[in-house]
Each structure stands twice: as C-alpha cells, then as structure tokens.
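Student: Listed below are the residues making up each chain.
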Amino acid sequence: MLQLEKLTWSAPEGGQVLNGVDLVIPDNKLVVITGPNGGGKTTLAKLIAGLEKPDSGRIILDGRDITGLDITERARLGVSYAFQQPVRFKGLTVTDLLELASGKKLSHSEACDYLARVGLCANEYVNREVNATLSGGEIKRIELATVIARHTRLSIFDEPEAGIDLWSFNSLIDVFRELQNSIDGSMIIISHQERILSIADEIVVIADGRVTSQGPSSVILPQLLAGGAAACGKCPKKEVKYCGENKPE
Amino acid sequence: MEKINLSEITAQLLKSVSDYKDGFAHAFSIRENGCGVSRRSTENVKIEDKPDAPGLVIRVAPGSKGEKVSIPACVTHGNIDDIVYNDFYIGEGADVRIIAGCGVHVSTGEPARHNGIHRFFLEKGAHAIYEEKHVATGNGKGVRSIGPVTEIYLGEDSELEMDSLQLGGVDRTLRQTKAVVGEKARLIIRERILTDGEQEAKTEFEVEMNGAGSSVSLVSRSVAKGSSYQAYRSRIIGNAPCTGHSECDAIIVGGGRVDASPELVANDGDAALIHEAAIGKIAGEQIVKLRTLGLTEEEAENRIVSGFLK
Ligand SMILES: Nc1ncnc2c1ncn2[C@@H]1O[C@H](COP(=O)(O)OP(=O)(O)OP(=O)(O)O)[C@@H](O)[C@H]1O
Ligand SMILES: [Mg+2]
Chain F
1 MLQLEKLTWS
11 APEGGQVLNG
21 VDLVIPDNKL
31 VVITGPNGGG
41 KTTLAKLIAG
51 LEKPDSGRII
61 LDGRDITGLD
71 ITERARLGVS
81 YAFQQPVRFK
91 GLTVTDLLEL
101 ASGKKLSHSE
111 ACDYLARVGL
121 CANEYVNREV
131 NATLSGGEIK
141 RIELATVIAR
151 HTRLSIFDEP
161 EAGIDLWSFN
171 SLIDVFRELQ
181 NSIDGSMIII
191 SHQERILSIA
201 DEIVVIADGR
211 VTSQGPSSVI
221 LPQLLAGGAA
231 ACGKCPKKEV
241 KYCGENKPE
Chain V
250 MEKINLSEIT
260 AQLLKSVSDY
270 KDGFAHAFSI
280 RENGCGVSRR
290 STENVKIEDK
300 PDAPGLVIRV
310 APGSKGEKVS
320 IPACVTHGNI
330 DDIVYNDFYI
340 GEGADVRIIA
350 GCGVHVSTGE
360 PARHNGIHRF
370 FLEKGAHAIY
380 EEKHVATGNG
390 KGVRSIGPVT
400 EIYLGEDSEL
410 EMDSLQLGGV
420 DRTLRQTKAV
430 VGEKARLIIR
440 ERILTDGEQE
450 AKTEFEVEMN
460 GAGSSVSLVS
470 RSVAKGSSYQ
480 AYRSRIIGNA
490 PCTGHSECDA
500 IIVGGGRVDA
510 SPELVANDGD
520 AALIHEAAIG
530 KIAGEQIVKL
540 RTLGLTEEEA
550 ENRIVSGFLK
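Chain order of the listed sequences is F and V. With the first letter of the first sequence counted as 1, position 208 gets the number 208 in the working numbering; the numbers rise by one all the way through. With the first letter of the second sequence counted as 1, position 191 gets the number 440 in the working numbering; the numbers rise by one all the way through.
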C-alpha cells in the first residue's frame, strides 16, 4: 500500500505545482490517475519514485516512510517507474536493460517473453540498442517491459499508451488486465485513455496540483465522460465540478 | 593444437589481446619483446619473414573462405622499443579474419614501446575483418606507449572491417590510420578507447575515397576519465562519387579532456559526406533511469560506460 500525505512541490523557478496531494493506493487494485495536461501527474510519479524531493509531506510505502530515501533505495524497496518519456542509451541493448531491470541474466527466451508481452516481435529487438533509432512506440514498449520485468511492490506507468498504435492498443489493455490479476502490490497507471480508465478499479483525478476526485471507475468514469474532463481538461467550460466530498456514491 | 612455450606474463597478455588459449587452432605468429617466437602457416595462409625489415609478410590465398590468422605481439619488460612491419596481401575473393593484438607489461621504471606498422592490400572482392586490441598491465612507473600505424588499400569491390579496442593501461598512444578506397569498395572502422589517469591517446584517420561507389563508415567511441586527454582527427576525402560517414562520440568523466576535429573534403560533386560528433558528460537522465532499476549512481555510470565501449 502506498500513502501520500499532503505532498507539495514547486518547480525550481518558483511556481507551485503540487498543492497538497493526499492519496491512498491500496494493494491489489489498479489505480488510474487522470486529469488535464499540466495538472501534476508526472510530477507526482517523480516524487513517488524519488526523482524529485517534495517540499513538504510524506510518502509511505507498506507502512515505511520513504520520503527521505533516494531513487536507488526506493527502487530496491520495490518502486518501479515507467517514464512518460523513456531515456535512450547509446550502447545498451534491450536485453541489457531487461537484465538490469530483472536483476539477473536472462535467457533468450525469457527476454523474448517480456518483449512479446508488450507486443514486440522479440527476435528483432533483443540485441537492438536502446538508442535514437528506435521509434517512439518501440521505446515506449521497451520501457513498459523493463517495469514488468522488475515485478515490484509498486509499479507506476506514465501514459503507457502514448505512441502505441491502434492495433497494439488492444493487446496493451490485455497486458494491463493480466498485470491487474497477477499484481502483488500496487499499480498506478497515468492515462488519458478511456479504455484504460475503463479497466481501472479506481480512478483518481488530479488537476491544478491536487486530487479533485477519486472513486471506483464505475462512478468516476461516467462523470468524466459527461464532463468531458478526460478529453479536454483545460477547457474551462468542461471543468470537473465534483470533488471528493460531494461525489455521488 | 600443440602447446607453445611462453612466459606466464606473455600467456596472460596473449589471452587478453587475442584468441589465444594455450595455442592457436589456425595460422599465427607470436612476437615477444621484439622477436618472433612461434609461428604457423596453413594451406591458405602463408606467413613469412619480411625481407627488408623486421616483421612479416602474410598472404591469404585467392578464393579461400573462413580463414583466420592471429599475430599478437607482447612486450613484457621495460627498456624495449619494438617496431614491426607486417604486410597483408588478401587474394581475390578471399575471406579472412585477422586478429592482431598488442600487450605491454611493465613492472619496472623503464619505458616500453611497441609500434606496429600494418599494411593491408585487398584484391578484388576480398573481405577481411581486422581486430586490433591493445592492453597494458603491470604497476611499474615506466611509460607504456604504443603507436599503431595502419595503411589500407582496398581494391575493387573489396571490404575491410577494422575493429580497434584500447581499454585502459596504455599511457601514450598515437594511432594513425590511412586508407585508399577503390571502386565499390567498403571500409568500416570501429574504434573504442578508454583513457584514465594521466593517459593520452591521439587518433588520426585519413581516408581517400578514390573509386566510384566506394563507401566508408568511421565510428569512434571514447571515454576520457580522470585527467586523461584524447584527440581525434579524421579527414575523409571524396575524390569520386562516394558515401562517407564518420561519427565521433565521447563521454567525459571527471576531469577528462577530449578534442575532436573531423574534416570532410569533397572533390567530387557526387561525394556525399556526413560527420556527427558529440562530446559531453553522461546524460543525467540515463543515470536516473538506471537508478530507478536499482543501480547506485556509480554502478549506473560504470554500466553506461561499459555499454558505450562494448
Ligand atoms: N522542472 C520543472 N520546472 C518548471 N515547471 C515544471 C517542472 N516540472 C513540471 N513543471 C510544471 O508543472 C506542471 C505539471 O507538470 P506535469 O508534468 O506533472 O503534468 P502532467 O499532469 O503529467 O501533464 P501531462 O498530462 O501533459 O503529462 C506543468 O505546468 C509543468 O510545466
Ligand atoms: Mg505527464
């Protein structure tokens, strides 16, 4: 279980980005975080994984306060984070990354299995360098595979669908369904996609640096669709009106 | 495979610079402290003494396929200044892998130097892979230096792939490579250099593209650590319709310094030449990404460097 208590963060240049996020991510549930562009979702993920340090507030993983721990320490405790914008490496192959992620040497077939799960034809990729020649969709899938290969207590996927073509999107949904059934811990997906929102156990809406609504997918999703918040968050007319207190049961 | 009698230091050096495993299964010549100590020719690969200078003449028979020849050289103590001239004649249509390596070990204060001058003459349609690996070991203060000179002459439709590797230990290197590329011939060079401490490595390439349809790909990756210094010079001259690509990527760790100056000369309107160069520290986001996979900052840095130089 992951608990976030009153997390605040402001950008180095000043502007306040997170304005006190309180959130509980229970075990064995798929939680999808959504909300308008620039609302603070990626920033929140970075705070959880330790890429940024909060100005105030606490992060508690399985009862342990990890706020003061660095990236490596959190990773070793079981935090995994698939970046919204994956990093490219000259000289590291897909298999190298998967091995670093899983913490052990992988046989050809094990490496292939991870790649097949994210819809990559493994033989073409196992020895490929994770460099600038990979397409946006390809590198995104490899990023997903590295987090899947880690099997940790907490996995955060930041807009996993971005750049993934329509055909593969269905199988991506299947990947998350499968993870949902096999997770031993917490799983967070940050997404704008209705299809991903619809498989969530719980949806959290983050806008202007705070949680503006939260609840079971069956309740929140219809509201989002009616309000158009998922599609056009910044449009003032379609602003999400409901808040945690007065949301319908 | 018969056992060869060698000192332990030489055997260790040979293992790190060549495919030596208590002997060689194919044609070879071992040079130790300036003298040839053991050699074998095979049916398709003839190794003879060079008549006019110290070194060898190696001839690979036309049409022979899958041949391999190893010519490692070792210097195992100080006060040695070894110069060797090796000429390779690769016959028409032949296919060969040449493994040259040079190991320098000094445990005293005197300097040791090995300069290998290698010339390659490839006939029409020949294909050669030339692997060259340099190491230096021992904790003596004597300066370990190497000065490999490579000259490459590529006949019509021939191809040479040169793979050169120097991962530490050599105090001073001046590496000079010259090539003349004929019609439809292809030259592929991959170089990787790691320097640390006070080491200095200079590398110079000059490639003349004289044949129509010729191509060259020159990729250099280097890492300069400590307060080491590297200089990279490349000059690709397109005298005919040709394609040339050179790429120089350098990572700086700590106080390392790198100076790269690539030069492209097009003397023909149909010469298409490209150069890419990048010098800088390891990207911070790469370290961050590997840390999210559980590596420490130092582990991440080492992994990125070793992958880069692989
Ligand atoms: N390092 C930074 N410096 C300045 N501003 C920043 C920084 N990091 C984030 N921000 C700002 O914080 C806000 C939230 O950014 P964040 O990336 O968390 O949004 P998001 O909810 O993930 O958006 P999207 O849906 O577009 O991915 C944005 O306005 C962004 O410009
Ligand atoms: Mg984001």
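Derived by calculation from the structure, the hints in this document are not laboratory data. One or more hints might be untrue.
Here are some of the chain V residues that sit facing chain F, going by a computed Cβ distance under 8 Å [stated by the list, open to error]:
no.	residue
1	Thr541
2	Thr545
3	Gly556
Beta carbons are placed, not taken as given, at the ideal position from N, Cα and C, and that holds for glycine.
Student: Indicate, hint by hint, whether the structure satisfies it.
Tutor: Hints, one by one, checked against the model:
A least Cβ separation of about 5 Å between V/Thr541 and chain F falls short of the 8 Å threshold, and the interface hint therefore holds. Proximity of V/Thr545 to chain F holds as hinted, the smallest CB-CB distance being about 5 Å (cut-off 8 Å). Restraint check, V/Gly556 versus chain F: the minimum CB separation of about 4 Å is within 8 Å; hint holds.
In this structure, none of the earlier numbered hints is contradicted; all agree with it.
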